[in-house]
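Asks: Sequence:
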Amino acid sequence: MSNIQSDLPDSPLFLVGFMATGKTTVGRLLARRLGWKVVDLDDVVTSQVKRTIPQIFADEGEAGFRAHETRALASVSADLRTVVATGGGAATREENLQTMLRSGRVVALSVTPEEAVRRARGGAGR
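Numbering (the numbering used here), first residue to last: 11 to 136.
Wrong hints could be hidden among the right ones.
As the list claims (entries may be wrong) - Here are the simulated distance ranges between beta carbons: (1) D69 x L44: 30 to 38 Å; (2) D53 x L90: 32 to 40 Å; (3) Q65 x P19: 35 to 43 Å; (4) E124 x L18: 37 to 45 Å; (5) A84 x D20: 16 to 24 Å; (6) D20 x A68: 33 to 41 Å.
As the list claims (entries may be wrong) - In silico SDA-like cross-links for lysine to any residue, where the CA-CA straight-line distance does not exceed 25 Å: (7) K47 x A30; (8) K60 x E105; (9) K47 x R81; (10) K47 x R91; (11) K47 x V127; (12) K47 x D89; (13) K60 x G99; (14) K47 x R61; (15) K47 x I63; (16) K47 x Q58; (17) K60 x R43; (18) K47 x P19; (19) K60 x A77; (20) K47 x E72; (21) K60 x G45; (22) K47 x A73; (23) K60 x A101; (24) K60 x G71; (25) K47 x Q108; (26) K47 x L119.
These aren't lab readings, by the way, just hints derived from the structure by calculation.
Source: prediction; values computed, not measured.
Note that beta-carbon positions come from the ideal geometry of N, C-alpha and C, so glycine has one too.
Start from the sequences, fold in the hints, and give me the full structure.
Replies: Below, the structure is given as structure tokens:
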């Protein structure tokens with residue numbers, strides 16, 4: 011048996027999936043049911059960088075945002091008893107996926123394309 015954190019029952023649970031699959035909503039519900047804390051990775055990024063996501067994209071582009079996202083993920087990956095709702099693109103970066111797999115459990119959420127469009131309509135910044 012390995013000694014990596016994901017072997018621990020309290021290791022973080024990372025929710026991944028395309029935009030509008032319900033990562034934040036499911037994260038809140040799951041954390042409440044488990045008695046764990048919930049962390050929205052986009053909130054961690056904006057808190058660390060002290061700018062909104064649209065501002066980060068405008069100032070640094072997607073590459074800059076993704077670098078901030080990777081640092082934010084590293085900062086929460088050691089938190090036990092935490093449900094982490096990642097951003098829609100977080101798992102597309104190999105480094106992020108490996109961090110999540112090493113640190114805890116990864117759950118992929120999905121919806122039909124039609125449902126994703128319906129949910130994303132009118133969403134702020136979507």
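Asks: Does each hint hold? Answer for all of them.
Replies: A quick look at each hint next to the structure:
1. D69 x L44: 30 to 38 Å: 37 Å, holds
2. D53 x L90: 32 to 40 Å: 19 Å, violated
3. Q65 x P19: 35 to 43 Å: With Cβ atoms ~39 Å apart, the hint holds.
4. E124 x L18: 37 to 45 Å: 39 Å, holds
5. A84 x D20: 16 to 24 Å: 19 Å, holds
6. D20 x A68: 33 to 41 Å: 39 Å, holds
7. K47 x A30: This hinted pair holds, its Cα atoms lying about 21 Å apart.
8. K60 x E105: 24 Å, holds
9. K47 x R81: 20 Å, holds
10. K47 x R91: Holds, because 7 Å separates the two Cα atoms, which is no more than 25 Å.
11. K47 x V127: 29 Å, violated
12. K47 x D89: This hinted pair holds, its Cα atoms lying about 9 Å apart.
13. K60 x G99: Status holds; Cα separation ~20 Å.
14. K47 x R61: 23 Å, holds
15. K47 x I63: 23 Å, holds
16. K47 x Q58: 18 Å, holds
17. K60 x R43: 31 Å, violated
18. K47 x P19: Given pair K47, P19 holds - Cα atoms ~15 Å apart, limit 25 Å.
19. K60 x A77: 15 Å, holds
20. K47 x E72: At roughly 28 Å apart (the allowed maximum being 25 Å), E72 and K47 break the hint.
21. K60 x G45: 29 Å, violated
22. K47 x A73: With Cα atoms ~29 Å apart, K47 and A73 exceed 25 Å; violated.
23. K60 x A101: With a Cα-Cα distance of about 23 Å, the restraint between K60 and A101 holds, given a limit of 25 Å.
24. K60 x G71: Cα-Cα ~16 Å, so holds.
25. K47 x Q108: 22 Å, holds
26. K47 x L119: 19 Å, holds
Consistency with the previously given hints fails for numbers 2, 11, 17, 20, 21, 22, ordered from lowest to highest.
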